[in-house]
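There are 2 protein chains.
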Amino acid sequence: MTPAIDANAAPSLVSLGPDGHAYPIPPPEALAAQLADIRERAEAHRARGGQVVAVQGLGFVGSAVAGVIASAQDSSGSPLYFVIGVDLATPASYWKVAKMCAGDVPIPSPDAELTKLIADCVRKVRNLTATVVDEAYALADTIVVDLPLDISDRFTETVHDIDICLAPFERALETIGRRMRPVALILVETTVPIGFCERVVLPILRRVRSERGIETPVRLAHAYERVTPGPHYVDSIKRFRRTFSGVDAVSAAAARDFLASFIDVESYPLCELDDTNASEMAKVLENSYRAVNIAFMYEWTLLAEKIGVNLFEIVESIRVRKGTHDNMRYPGFGVGGYCLTKDSLLAQWSATTLFKTGIELRVTLEALRINNRMPLHTLDLAIQLAGGSLVGVPLAVAGISYLAEVADTRNSPTEILIDEALRIGANAVVTDPYLARWKERSAIPMADDLDSAIAGAQGIIFTIAHKPYRELTAEELRRRAPRARFIIDGFDVIDDATAAALHAAGIRVAGVGKGHWLKRGYHL
Amino acid sequence: MTPAIDANAAPSLVSLGPDGHAYPIPPPEALAAQLADIRERAEAHRARGGQVVAVQGLGFVGSAVAGVIASAQDSSGSPLYFVIGVDLATPASYWKVAKMCAGDVPIPSPDAELTKLIADCVRKVRNLTATVVDEAYALADTIVVDLPLDISDRFTETVHDIDICLAPFERALETIGRRMRPVALILVETTVPIGFCERVVLPILRRVRSERGIETPVRLAHAYERVTPGPHYVDSIKRFRRTFSGVDAVSAAAARDFLASFIDVESYPLCELDDTNASEMAKVLENSYRAVNIAFMYEWTLLAEKIGVNLFEIVESIRVRKGTHDNMRYPGFGVGGYCLTKDSLLAQWSATTLFKTGIELRVTLEALRINNRMPLHTLDLAIQLAGGSLVGVPLAVAGISYLAEVADTRNSPTEILIDEALRIGANAVVTDPYLARWKERSAIPMADDLDSAIAGAQGIIFTIAHKPYRELTAEELRRRAPRARFIIDGFDVIDDATAAALHAAGIRVAGVGKGHWLKRGYHL
Numbered sequence: 000m001t002p003a004i005d006a007n008a009a010p011s012l013v014s015l016g017p018d019g020h021a022y023p024i025p026p027p028e029a030l031a032a033q034l035a036d037i038r039e040r041a042e043a044h045r046a047r048g049g050q051v052v053a054v055q056g057l058g059f060v061g062s063a064v065a066g067v068i069a070s071a072q073d074s075s076g077s078p079l080y081f082v083i084g085v086d087l088a089t090p091a092s093y094w095k096v097a098k099m100c101a102g103d104v105p106i107p108s109p110d111a112e113l114t115k116l117i118a119d120c121v122r123k124v125r126n127l128t129a130t131v132v133d134e135a136y137a138l139a140d141t142i143v144v145d146l147p148l149d150i151s152d153r154f155t156e157t158v159h160d161i162d163i164c165l166a167p168f169e170r171a172l173e174t175i176g177r178r179m180r181p182v183a184l185i186l187v188e189t190t191v192p193i194g195f196c197e198r199v200v201l202p203i204l205r206r207v208r209s210e211r212g213i214e215t216p217v218r219l220a221h222a223y224e225r226v227t228p229g230p231h232y233v234d235s236i237k238r239f240r241r242t243f244s245g246v247d248a249v250s251a252a253a254a255r256d257f258l259a260s261f262i263d264v265e266s267y268p269l270c271e272l273d274d275t276n277a278s279e280m281a282k283v284l285e286n287s288y289r290a291v292n293i294a295f296m297y298e299w300t301l302l303a304e305k306i307g308v309n310l311f312e313i314v315e316s317i318r319v320r321k322g323t324h325d326n327m328r329y330p331g332f333g334v335g336g337y338c339l340t341k342d343s344l345l346a347q348w349s350a351t352t353l354f355k356t357g358i359e360l361r362v363t364l365e366a367l368r369i370n371n372r373m374p375l376h377t378l379d380l381a382i383q384l385a386g387g388s389l390v391g392v393p394l395a396v397a398g399i400s401y402l403a404e405v406a407d408t409r410n411s412p413t414e415i416l417i418d419e420a421l422r423i424g425a426n427a428v429v430t431d432p433y434l435a436r437w438k439e440r441s442a443i444p445m446a447d448d449l450d451s452a453i454a455g456a457q458g459i460i461f462t463i464a465h466k467p468y469r470e471l472t473a474e475e476l477r478r479r480a481p482r483a484r485f486i487i488d489g490f491d492v493i494d495d496a497t498a499a500a501l502h503a504a505g506i507r508v509a510g511v512g513k514g515h516w517l518k519r520g521y522h523l
Numbered sequence: 000m001t002p003a004i005d006a007n008a009a010p011s012l013v014s015l016g017p018d019g020h021a022y023p024i025p026p027p028e029a030l031a032a033q034l035a036d037i038r039e040r041a042e043a044h045r046a047r048g049g050q051v052v053a054v055q056g057l058g059f060v061g062s063a064v065a066g067v068i069a070s071a072q073d074s075s076g077s078p079l080y081f082v083i084g085v086d087l088a089t090p091a092s093y094w095k096v097a098k099m100c101a102g103d104v105p106i107p108s109p110d111a112e113l114t115k116l117i118a119d120c121v122r123k124v125r126n127l128t129a130t131v132v133d134e135a136y137a138l139a140d141t142i143v144v145d146l147p148l149d150i151s152d153r154f155t156e157t158v159h160d161i162d163i164c165l166a167p168f169e170r171a172l173e174t175i176g177r178r179m180r181p182v183a184l185i186l187v188e189t190t191v192p193i194g195f196c197e198r199v200v201l202p203i204l205r206r207v208r209s210e211r212g213i214e215t216p217v218r219l220a221h222a223y224e225r226v227t228p229g230p231h232y233v234d235s236i237k238r239f240r241r242t243f244s245g246v247d248a249v250s251a252a253a254a255r256d257f258l259a260s261f262i263d264v265e266s267y268p269l270c271e272l273d274d275t276n277a278s279e280m281a282k283v284l285e286n287s288y289r290a291v292n293i294a295f296m297y298e299w300t301l302l303a304e305k306i307g308v309n310l311f312e313i314v315e316s317i318r319v320r321k322g323t324h325d326n327m328r329y330p331g332f333g334v335g336g337y338c339l340t341k342d343s344l345l346a347q348w349s350a351t352t353l354f355k356t357g358i359e360l361r362v363t364l365e366a367l368r369i370n371n372r373m374p375l376h377t378l379d380l381a382i383q384l385a386g387g388s389l390v391g392v393p394l395a396v397a398g399i400s401y402l403a404e405v406a407d408t409r410n411s412p413t414e415i416l417i418d419e420a421l422r423i424g425a426n427a428v429v430t431d432p433y434l435a436r437w438k439e440r441s442a443i444p445m446a447d448d449l450d451s452a453i454a455g456a457q458g459i460i461f462t463i464a465h466k467p468y469r470e471l472t473a474e475e476l477r478r479r480a481p482r483a484r485f486i487i488d489g490f491d492v493i494d495d496a497t498a499a500a501l502h503a504a505g506i507r508v509a510g511v512g513k514g515h516w517l518k519r520g521y522h523l
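Chains as they are written, first to last, in numbering that gives the first Met the number 0: chain A, 0 to 523; chain B, 0 to 523.
Check each hint, because a few of them may be wrong.
Copies of the same chain are indistinguishable here, so a pair counts whether it falls within one copy or spans any two.
As a list, the in silico DSBU-like pairs of lysine-lysine whose alpha-carbon atoms are at most 35 Å apart [as the list claims (entries may be wrong)]:
id: 1; residue 1: K305; residue 2: K321
id: 2; residue 1: K123; residue 2: K305
id: 3; residue 1: K466; residue 2: K305
id: 4; residue 1: K466; residue 2: K321
id: 5; residue 1: K115; residue 2: K466
id: 6; residue 1: K355; residue 2: K518
id: 7; residue 1: K115; residue 2: K305
id: 8; residue 1: K305; residue 2: K355
If you are wondering where the hints come from, they were derived from the structure by calculation, not from laboratory data.
Please put together the full structure from these sequences, using the hints given.
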C-alpha cells in the first residue's frame, strides 16, 4: 500500500514554517513506516476501550482542537482518545504536521495551557500525533473537519461574483469518504455556507461511500468552532458555549456525546439546533453581526473627528448600559482575521447560489465594504498630517497582526493600508514585535524591529494596540524616532497625555475617533 | 399682570385626553389665581431652604421626571424641591396639566411607583403642581427642558431634505429666556441634534437675556434622558446610568449636583462628557446603534424564512455569548416609539446642516429605511396566506402600541401596515387591549375589543406580543374567530404547539422569522 500524498509534492521539497525553519517533506517509505506506527498505537488504544479521532486540517483551529480532544480523560485519568492530526504533504502545509509530531504547537500560542497540553499529549501520554497519510482516516471513530474554506476574492463587490474555493474542500471530503469507517461520525467545524452540509457535504460522502458499496446513512454533524487564538485559546474550545446539529437524530446524538467528552458542558451547556442549515446560519450570522457593528462605528468615527469629540469617551459612556449596549464597538483601524472578513460572503453565496432566494443581504454586505475601506482612513490622516502628500516620505507602519498580542496576520487590515501607501509613493516599512516575517506579504519591506523601523521615519502609523506600543512614552518616541514629524494612532495606542506631550514637542498627532485631538489642534 | 397663555386658545376650548375625558382650559383669571398660589407655595419652600424646579413639557418624559424630582428628599425626609410642571394651554396639551394638578399621571403608567409618587407629591406633600403660565419659570432655580423636538417627515429619503421642527422649540427657549432667573440652570433632557446646545440653545438664550440686560454666562447643561415608559418607568430615571455635560465648568458642576440629588448615584454613577457636543452625540449614537441592529436582523429574517429555519432559535443560541452577542435582536414586526424612529435623522441633520461635514451616515440611514419597510413584510405574509390578495378580506390587526404591555402609540409600526392594508383594499380593523382610542389615527376603524375584531375576521395579524395575545390557545382562537382562515404572527406571539394545532385545524399560519413553520407547510 502506497501512502497517498499530494501528487505535486516532489520528495525533495521542504516546507517553510512562519518561524523561518525548513521542514523536509518525508519520502513515501518514511510515511509508510510512520503510518504503521500510528496504526499500531491507535489499535492498542482501541483495544484498551478507547476511541480514535482524526482531525483534518492543522491550522489555527484544527491544531488546537486536536490538542484539546487529546487531553480529554475518563474518570480514572486515562486518555479517552487517540488523536491523529492530518494535513497535506505540501510546502505550504507540511510544517504543521512536523511541528505537531515534535510536540510543538504549530503556530506559537500565547496560551501556555495549549503549549503544555500538546507537548504532554505528544511526548508523555503519546496519544496525539500527526501525519500526511490519508489512511489515518480509516482508523477513526470520529473525523473532525477543520479545513479552511476560502472565498477566491473577498473584495468582490457584486452578489453574483462571490466565488467559493470549493474544489480543495470537496477533494478533502472525497478523501474521507474513500477511507472512513462506515459508522464513523464526521463533525464539520469549518465555517461553511448555509445549506452546505445537506447540499454539498452529504451528496459527496454518499457518492464516494456508494462507490465502496456503503449505503448506510452517513453520520454527519455540524458544530462550528469559536476558537480565539490568543491567551484564552484552550478556553475558547473547552470552556465556551458550543452550538451543533446533525443531519439526523443518530448523528446529532453522536455529536452531542463526542462534544460533551471534551467540553466543560456542566458550565457551558451545548446548544442543539433543529438542523444543519440552522447551525450553519448561526455561525455566519454571529460573525456578520460583529462585522456590521464595527462598520456602523466607522461612519460615526468620521463624524466624531469632524465635530471634534472623543468617540472613545462617548462609546464608553454608552457601554454602561449592560445587556443592551455593552458590546458597542470602539473606533478602530480595521477588521482582520479569517472570519469577520468573509463569513458574510458565505451567507450571501447560499442566498444566491445554493438556495436561489433572490435575497441580497444589503446591510451585511455594505458593512464588509466599509470595513475593507476603513484602513484607508488612517492613511488619510497620515496624508493630511504630512501636508497633503506621502510621496517619498519615510513611513513606519507599526503593526501587522490584526489582534493585539497575537501573531495572526490572516487578512490583516495592514495589507490594505500598506498597499495603498506604497502605491501613492510613500517610502514605507512595516514592523511587528510578534512577527519575524509576514508570510502573506513577503515582498513588503519589513524592519527587524520597531527601532530600525522608526529611526529614520518622518511618519509613524500605529495600526494595533500591541502592549509594547501602548507602553511607549512621548520621550521614548522622540528619542527613538528623532526625525518623526507626525504620528497617527490607528487603534487607541496613544493616550491623551502622550499625545499632548508629543504635540508640545513639535510632532503632529492624530488618532482614529479622537476628534478632541483635532479640536485641540494637535494635527497642526 | 396677565398670565401668558397661547394667543390662539379661546377660553371656551377644551382639551381631550387619551382617556376620552374633556378638560376645559381655564380662563385667564383662574390661571392668575393659580399662579399666585404656586408662587406663594414656591416662595414658602424657598424660605425653608428648599429649591424650586420647573419642568418644561409634561409628556412621557417630563411628567415622570417632574414626579421623580419632587420625590427627592433631604436626610431628614423633607422634600428638596418644589416642582412646577409647565405645558401649553392648547387643546392638544392642556389635559396633561389638568391631570397632573389632580395628582394623576398624565399617561397612565404600568409602574405603580410612578402613580403613587405623583399622587403623594401633589396631594400629600404638596410640592408638585402644574401650570400653563410662563411666569412659573421665574420662580425656578433649575429649569428642566423635556420638550419634544420633531422631524417634520421621518420618512425623508434624502439627506438634505431632513427638516427639524425647530420653531416650537426655539419659542419655548425664548419663553424661558424672558422669564428665567439669571443664575438658574437650564438642563436640556430632550434628544437634540449634535451641536444643538452650543449652536442653537445658547445663542437664543444669550440674545433674549441680553434684551433683559443680563450679560452673565448662561448656565446650560445637557443630560439626555433614558426614560422607558413601562413597568420600570421610575427606575429608568432614578436608578439608571445618566450621562451629562455642561457648556462650561460652572454649568457642569451645577448639573452634577442637581442630577445627584434625585438619581441613585451610589449605584448608578453619573458619567460626565467633555462637552455638550459629546453628550448630544452619545444619545443619537446609542439609539442609532439599536436601530441598526434591528434593521440588520430584518434581512436575515427574510433569509431564514426562505431557507426554512427558525431564526428565534438561532438568535437564542448566539446570545449565549455574553458581553459580545447577548444583545442581538430577535426578528420582529417593526420599530416604533419616539426615539429609534428619528434620532438618526437628528444626527444626519447635524452632519449636513449644523456642521456642514459632507458626511452621510449611510448604514445608519439605510437602517431607518429598512425599519420603515419592515411592517410590510408581515403584510406580505398575510397576502401570501390569503392566496395572493387581501381585497375585501375581513382582517383583524391586533396590536397598536409598539411596546408590549404599554399604551404607547408614538410612531407605531402598525401605522405602516394598516395604511398599506387599507390601501390595497383589505377590510381591516385594529384593536389593542391597552387603548380605548388611537389618537394619532382616529380615522382607522378600531374595534372595542379583540373579540369584536376577530369574530368575523378571515385573517388575523398579531403585531405585538401583548400578554393577552400570548395567552390565547389554539382552541380559544378557533372559538372566538370561527371564520379565520389564516393567522400571521408578526412578533413571536404564537408558540410552536399553538401554530401546529391551528394548522391541524385547517388554519394557515406564518410568523416573522419562523421559517420552520413554512418548512412544515403551515402556510399551505
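Evaluated hints:
1. K305 with K321: For K305 and K321, both the intra-copy (29 Å) and inter-copy (34 Å) Cα distances are at most 35 Å.
2. K123 with K305: Classified as neither: same-chain Cα gap 60 Å, cross-chain 52 Å, threshold 35 Å.
3. K466 with K305: within (29 Å within a copy, 47 Å between copies)
4. K466 with K321: Classified as both: same-chain Cα gap 27 Å, cross-chain 26 Å, threshold 35 Å.
5. K115 with K466: within (24 Å within a copy, 54 Å between copies)
6. K355 with K518: Close across copies (16 Å), not inside one copy (50 Å); limit 35 Å.
7. K115 with K305: Answer is neither: 50 Å inside a copy and 47 Å across each miss the 35 Å cutoff.
8. K305 with K355: The answer is between: 9 Å across copies meets 35 Å, while 43 Å in one copy does not.
Checked against the numbered hints given earlier, the structure breaks hints 2 and 7 and satisfies all the rest.
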